[in-house]
Amino acid sequence: MKIDLYTDGTPLLLSNNPLSRRQLIKSGLLAAAGLLLPGRSLAAPLIKAINPTQGKAKAVIQIWLWGGSCHIDTFDPKPGAGRDYFGQFEKPIPTNVDGIQLNELLTNLAKTADKFSLIRSMTHGNNGHETAAYLVQTGRQPGDRQVYPSMGAVVSLFKGYDAGYKGLIPPYVVLTEPQGRFSEAGFLGSRFKPYATGGDPAQTRFAVEGVVAPGITEARQQSRRDLLKELNSLDHALQSDPQITNAIDCERQAYDLILGDAGKVFDLAQEKDALRERYGRNTFGQSCLMARRLVEKGVPYITINYKGWDTHKQHFQTMRRKLPELDKGLATLLQDLEERGLLQNTIIWCCGEFGRTPKVQWDAPWNGGRNHFGKVFSALVAGGGFKGGHVLGSSNATGEEVKDRPVYPCDLIGTMYDLLGIDTNAKLPHPQGIEAKVSPPPGEKTASGGRLIELI
Numbered sequence: 192m193k194i195d196l197y198t199d200g201t202p203l204l205l206s207n208n209p210l211s212r213r214q215l216i217k218s219g220l221l222a223a224a225g226l227l228l229p230g231r232s233l234a235a236p237l238i239k240a241i242n243p244t245q246g247k248a249k250a251v252i253q254i255w256l257w258g259g260s261c262h263i264d265t266f267d268p269k270p271g272a273g274r275d276y277f278g279q280f281e282k283p284i285p286t287n288v289d290g291i292q293l294n295e296l297l298t299n300l301a302k303t304a305d306k307f308s309l310i311r312s313m314t315h316g317n318n319g320h321e322t323a324a325y326l327v328q329t330g331r332q333p334g335d336r337q338v339y340p341s342m343g344a345v346v347s348l349f350k351g352y353d354a355g356y357k358g359l360i361p362p363y364v365v366l367t368e369p370q371g372r373f374s375e376a377g378f379l380g381s382r383f384k385p386y387a388t389g390g391d392p393a394q395t396r397f398a399v400e401g402v403v404a405p406g407i408t409e410a411r412q413q414s415r416r417d418l419l420k421e422l423n424s425l426d427h428a429l430q431s432d433p434q435i436t437n438a439i440d441c442e443r444q445a446y447d448l449i450l451g452d453a454g455k456v457f458d459l460a461q462e463k464d465a466l467r468e469r470y471g472r473n474t475f476g477q478s479c480l481m482a483r484r485l486v487e488k489g490v491p492y493i494t495i496n497y498k499g500w501d502t503h504k505q506h507f508q509t510m511r512r513k514l515p516e517l518d519k520g521l522a523t524l525l526q527d528l529e530e531r532g533l534l535q536n537t538i539i540w541c542c543g544e545f546g547r548t549p550k551v552q553w554d555a556p557w558n559g560g561r562n563h564f565g566k567v568f569s570a571l572v573a574g575g576g577f578k579g580g581h582v583l584g585s586s587n588a589t590g591e592e593v594k595d596r597p598v599y600p601c602d603l604i605g606t607m608y609d610l611l612g613i614d615t616n617a618k619l620p621h622p623q624g625i626e627a628k629v630s631p632p633p634g635e636k637t638a639s640g641g642r643l644i645e646l647i
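Using my numbering, count along the sequence shown one by one with no gaps and you end on 647.
Simulated from the structure, these hints should not be mistaken for lab results.
Predicted model only: the values in this text are computed from it and were never measured.
Backbone N, C-alpha and C fix where the C-beta goes; we use that ideal spot for every residue, glycine too.
Certain hints may be false.
[Stated by the list, open to error] In silico EDC-like links for lysine to aspartate or glutamate, alpha-carbon gap of 20 Å or less:
#1 Lys628 to Asp335
#2 Lys566 to Glu592
#3 Lys578 to Asp305
[To be verified] Now the in silico label distances, taken between C-beta atoms and shown as ranges:
#4 Glu368 to Glu530: 24 to 32 Å
#5 Gln394 to Gly371: 16 to 24 Å
#6 Asn558 to Gly641: 38 to 46 Å
#7 Gly612 to Glu462: 25 to 33 Å
#8 Arg274 to Thr509: 15 to 23 Å
#9 Ala555 to Ala460: 27 to 35 Å
#10 Gly355 to Arg396: 28 to 36 Å
#11 Arg531 to Gly319: 37 to 45 Å
#12 Gly641 to Thr395: 43 to 51 Å
#13 Asp458 to Gly559: 37 to 45 Å
#14 Asp458 to Lys504: 19 to 27 Å
#15 Lys488 to Asn616: 29 to 37 Å
#16 Gly641 to Gln461: 26 to 34 Å
#17 Pro632 to Arg531: 32 to 40 Å
Whenever a hint applies, use it, and build me the whole structure from the sequences.
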C-alpha cells in the first residue's frame, strides 16, 4: 500500500514496510543502521522532498523540562508579589539586556540574555501531564480522536530520510530516555518515533543503546565482526543478489556506527575537559554538549528530556539543585553554538508541559510545593531566526493570569516550522486518508494568538 501526501498538488509516496527503524535499532546486528528494504539502500529517500528549506533554521534542540517548571522561579520572577508567591527567591538578578530579570540562580544565562528571548505569556489551561505534554508538543487540543505527531516527528518527516537526509544517526533523537507522556509519532507511525539513546553521557563511557555494548570492548566487537565475515559463506556465494548486497551494505553501515567514524559522535571524551566542565559534569550538561555534536553531524531534531521538574513537594530544595544545572548547561550551549557559527541555523526552545502554581503551598504534606498550572507559563527561544534580548507577552503581578499577548503552543510551533521552511499548510500522511495538516487550520478549535512575528 502507498499513501499519497500532497503539498501544493505534488504527490509523495511512503513505503508501508512493517518494521520500524526503531525496532531494527534494537535488533542487534543492524544496531542503529536503520530500515532495511529489499533492493533499497539505507539512506535512499522513501519520499520525494517537495519544499526546499526557505527558513534560516536547519536543526532544533528542544530542552524539555519534564514535569513542568515554575515560571516565577525561572524566567518570570515576581519579587513584589510577596513570600507566598516568590517563596525563597526574593532577589531576581539583572541580565545583560536592560529590563530583563531572571531567577537569582541563573547567573550564566543572565550574562547571555542577548542570545535568547523569553515568552512570558504561554498558556493553554490544561493541568494534566499527558494531555498538556501532547498539547505543547503537537500544538493540537487532545481528545479529537486523532493523535497528531509531535514537532520532532514532523521535522523527521520533512527533514529526515524521506527528504534525503543521509546520516546514519536517526533524524529524531532523544537524550536519553523517551518522555513517555504520549505517542510522539502519532498517526505517522513508529517509523517516525524518536531514537532514545539510553545511557548517561556524564558517565566515563556513554552507553548508547544499540551502539555501545556495555562490558564489551571495541577490539572484541571487531574480532566478532571479523569472525562473522569468515563464517558467512552465504554472502560470498550470493554477492550478485540485490537483497544480499543490500543486507551487506546495511551491515557495513551498522558497524560504521558501532566501530567507525560515524559512532564517534557519541564519544564525549573527544571534547576538551575544560569545555565539558563549562557544560557541567552532570547528565543534563553533558546532554547539551551531546546535542551540539549531533547538530554538527546534521541531525535535524534533538530533544533533551530533562526530568525532575514535577515539584509538588519540597520545591525550593529541588530548584536549588536543578536551576544551577539548567543555567550552566543551557548558557554554555548557546555560547558554544554561537562560537561555532551554528546558533544562527539552530533553534533552541526550552519549556515544559505547563508552569506551576504561583502561590506556594507551605502546609503539609507539600512543605513548600507548587502544583500543575497550565494557565500561564514561560518558554525560552533562541537561534534559527529568533531574535535575542526580547520579552514577548507578560503575566500579571502574581503570575496567575496572562496580562497581554497570549501565546498558545500552536503559535510557537507554527513559528518554528516557518523558520525551518516547513509549509504549515502541507498535508500529513494519514493511514486512513483523513486530511490532516502540519499546523491547525482555521476552524479546528485550536486557540491561537498568531505567529510570533515580534521575535523573528
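Each hint tested on the structure:
As the CA atoms of lysine 628 and aspartate 335 are separated by approximately 14 Å, the hinted pair is consistent with the 20 Å bound. With a CA separation close to 7 Å, the supplied pair lysine 566 and glutamate 592 stays within the 20 Å bound. About 9 Å separates the Cα atoms of lysine 578 and aspartate 305, which keeps this hinted pair within 20 Å; it holds. The supplied range of 24 to 32 Å is met by glutamate 368 and glutamate 530, whose beta-carbon atoms lie about 29 Å from each other.
Under the hint 16 to 24 Å, the C-beta atoms of glutamine 394 and glycine 371, about 22 Å apart, fit the expected range. A C-beta distance of roughly 41 Å is found between asparagine 558 and glycine 641, which places it inside the suggested range of 38 to 46 Å. Checked against the hint of 25 to 33 Å, the pair glycine 612 and glutamate 462 passes, with Cβ atoms roughly 31 Å apart. Between arginine 274 and threonine 509 the Cβ separation comes to about 18 Å, which falls inside the hinted range of 15 to 23 Å.
At roughly 47 Å, the beta-carbon separation of alanine 555 and alanine 460 lies outside the given 27 to 35 Å, and the hint is violated. The supplied range of 28 to 36 Å is met by glycine 355 and arginine 396, whose beta-carbon atoms lie about 33 Å from each other. In this structure the hint that arginine 531 and glycine 319 lie 37 to 45 Å apart at CB holds, the actual value being about 39 Å. With their beta carbons about 48 Å apart, glycine 641 and threonine 395 fall inside the hinted range of 43 to 51 Å.
Checking the proposed 37 to 45 Å range against aspartate 458 and glycine 559 shows it holds: the Cβ atoms sit about 42 Å from each other. A C-beta distance of roughly 39 Å is found between aspartate 458 and lysine 504, which places it outside the suggested range of 19 to 27 Å. Between lysine 488 and asparagine 616 the beta carbon distance is about 31 Å. The supplied range of 29 to 37 Å therefore holds. For the pair glycine 641 and glutamine 461, the beta carbons lie near 44 Å from each other, so the given range of 26 to 34 Å is not met.
For proline 632 and arginine 531, the hinted distance range of 32 to 40 Å is satisfied, since their beta carbons lie about 38 Å from each other.
Hint violations for this structure: numbers 9, 14, 16, all remaining hints satisfied.
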